[in-house]
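For the protein sequence lines, the chains are A, B and C, in the order given. Here the UniProt record's numbering is used: position 204 in the first sequence is 204, and no number is missing along the way. Here the UniProt record's numbering is used: position 23 in the second sequence is 23, and no number is missing along the way. Here the UniProt record's numbering is used: position 148 in the third sequence is 148, and no number is missing along the way.
Just so you know, these hints were derived from the structure itself, not from any lab.
Over the 12 Å line for every Cβ pair with chain A, so calculated as not near, a few chain C residues:
no., residue
1, Val-72
2, Leu-81
3, Ala-94
4, Leu-98
5, Leu-178
6, Pro-180
7, Gly-262
8, Asn-265
9, Val-266
Calculated pairs, DSS-like style, for lysine-lysine (alpha carbon to alpha carbon, straight line, at most 30 Å):
no., chain 1, residue 1, chain 2, residue 2
10, A, Lys-274, C, Lys-281
11, C, Lys-118, A, Lys-13
12, A, Lys-140, C, Lys-311
13, C, Lys-313, A, Lys-299
14, A, Lys-299, C, Lys-307
15, C, Lys-165, A, Lys-274
16, C, Lys-313, C, Lys-117
17, C, Lys-165, A, Lys-51
18, A, Lys-140, C, Lys-307
19, A, Lys-274, A, Lys-51
20, C, Lys-118, C, Lys-311
21, A, Lys-299, C, Lys-311
22, A, Lys-299, C, Lys-117
23, C, Lys-311, C, Lys-117
24, C, Lys-221, C, Lys-311
25, A, Lys-13, C, Lys-221
26, C, Lys-313, A, Lys-140
27, A, Lys-299, A, Lys-222
28, A, Lys-13, A, Lys-299
29, C, Lys-313, C, Lys-118
30, C, Lys-221, C, Lys-313
31, C, Lys-118, C, Lys-221
32, C, Lys-118, A, Lys-299
33, A, Lys-13, C, Lys-117
34, C, Lys-221, C, Lys-117
By construction, the Cβ of each residue, glycine as well, lies at the ideal position given by its N, Cα and C atoms.
Each chain, written out:
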Amino acid sequence: MSYSITEPTARVKWLAGGLVVAYALITLVPLLWIIATGFKSGADSIAYPPKVLFEPSLEGYVNLFTDRTRATPEMLEAAGPPQNWVEQVARDQGQVIAGPSRFGERFLNSVIIGFGSTALCMILGTAAAYAFSRFRVPLKDDLMFFILSTRMMPPIAVAIPIFLMFRQLGLSDTHLGMILLYTAVNLSLSVWLLKGFIDEIPVEYEEAALIDGYTRFQAFYKVVLPQAATGIASTAIFCLIFAWNEYAFAVLLTSGNAQTAPPFIPTIIGVGGKDWPAVAAGATLFLLPVMVFTILLRKHLLRGITFGALRK
Amino acid sequence: MTGFLNGLLRLRRGPWEMLASILIALGVVMLMQPFALALYTWSFLVTLTGTVMFVVVSHFPE
Amino acid sequence: MTHSLIERAAEGTPPGIAQKLRGLSDRSIAWIFVAPTIFLLLAVNIFPLIWTVYLSFTDYRVNRPNRDIEWVGLANYERILGDAGIWSTMQATAHFLLWTLVLQVLIGFTLAYLINKKFRGNDMWTTIIVLPMMLSPAVVGNFWTFLYQPQIGLFNYAVGFVTGKDPASFSMIGDVSLAPWAIIIADTWMWTPFVMLICLAGLRSIPDSIYEAAECDRASKWRQFWTITLPLVLPFLMLAILFRGIENFKMFDLVVQLTGGGPGNVTTLSSIDLKREAFEKWRTGYSSAYGVILFVTVFGLASIYVKALNKVKER
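Chain A with its partners taken away, still in its complex shape (with noise of 0.2 Å):
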């Protein structure tokens, strides 16, 4: 091994590393807490002092799941013994299942919602990226600076006229609505991206398909696409992530029919009293597949991150 005069010694080393990780189990503590909190009853949930340790309880789940209305004794005895175990833990609660709760539905509209529009600004995006990468657009810089500031703009400011249209075009509170919102939202982002990532495909390649007698379109599916891959699929994770995670339009234009999960995770109340292992079943549910995600991915994540944010 050589020896560097910058590299830092093992004593550095060690400090650093401690400081790092100390503030990582800081970090950690609120998103543990979360999963925790899932899978507590509701009496740990509220316990004093936050119970660290405790007996895991399935009730925010099915309370997650099902919505349930209070019962007396009398009640449960006459509606007879418990199906299954999901009734039974209701039935502890001391309250009867009225019915599935809408959270399956949110769920399923955010996977849906999410990966529509991915899909379909990954299309938009490398078609148009590739036109930008190689085409000589004039005012192009004007172009991807503008398009580049649409994705800074204020959520609510142009929430107010996309509200108004949506409504004139009926497509509020509809699935393809937000698909369309949230394709238009991400582009911005994922054709500067992408720009990036054809840049960087040298044109020889595509030339030498040309002359070999590929017409322009072929080049860009068989040489191009190929090549670009990995962009293309870091780049989706990003628009995926935020479609996934975006608020601020799903709480204004969608309602009962096409509402994602974070704005309906915050509105869970149990039977009396805010149900805060039910809240914490959804936040794990919705937020682990992120986490996952994200630790699965690192290496492309955080590169694309810093990425985007300097490169132009």
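Since the structure of chain A is provided, determine the placement of chains B and C on it from the hints.
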């Protein structure tokens, strides 16, 4: 400083962009300062001037 | 206009390639490739924007669609810019902005500096630190209200544990003097990693050779930090500050879930105030003018951001 003024006179991009940026920053500070309502009232005009100026002067030659 | 633009674009393409084509011409390819994006951006971004500007000069109200729309000129702007209430939401925004930036820059830069010491396992810990910023601000903000509960909340318990205060004696989101700090703490927890990542990119862009040269000149570590590290990372830090500044200037989701703007109006940031005007009081024309003011401010800051970006790229 003379270079800066010279650049302004010769419609060069650098110094004009700097001026526009200063105006925008000034407008933002005026918008959010807690000292005088009058400054808040005029902040938007300053930001707007700076922003429009920025868009225009970014087309000046380097 | 767009059409002629694309045509000119196609004309600008090297003829060497154009001649080799069969099937669609470059011009139509460029047109087909760019048109949907431009169209969608026009429909969902530009058209609404122009409409907002138009509405900002009227007294239109969405909840009374049948009433005649009256042109009121600059009256909406005059009212907003003379309103001490809105001025105070701007100050609430400024307080939030200032402290989140200070904390995030200090903590973010320190973390980046430490991570750049390349201790073992630094990628893994970086990833863990980054987790909060990938999550949904609304869902996380909602959960923070639980952490901030007096007595039962984990945050209050931790503060009580460290300072010996009674965890039931204070309420982070119910107290007028504490609520502004409640949103600053949650935002800092969530977004420090962003500043950290940008600083890390800056630190990693400094070539070792500069430090080696300084070492030969017997410059102390302290001096190296102030004369090499900091000046070279500064442009990156500026970018991170501008980016976070713009994001927090329009902050909505995290804070609206955390405090809803209360207690009173102490955490009513401008976006939250705007949402009330537009979607609760339904003063569409008035709130459009409000939106235009916020938008122009953000647009101005974004211009500076792009300028700063060019500076960084020249390096």
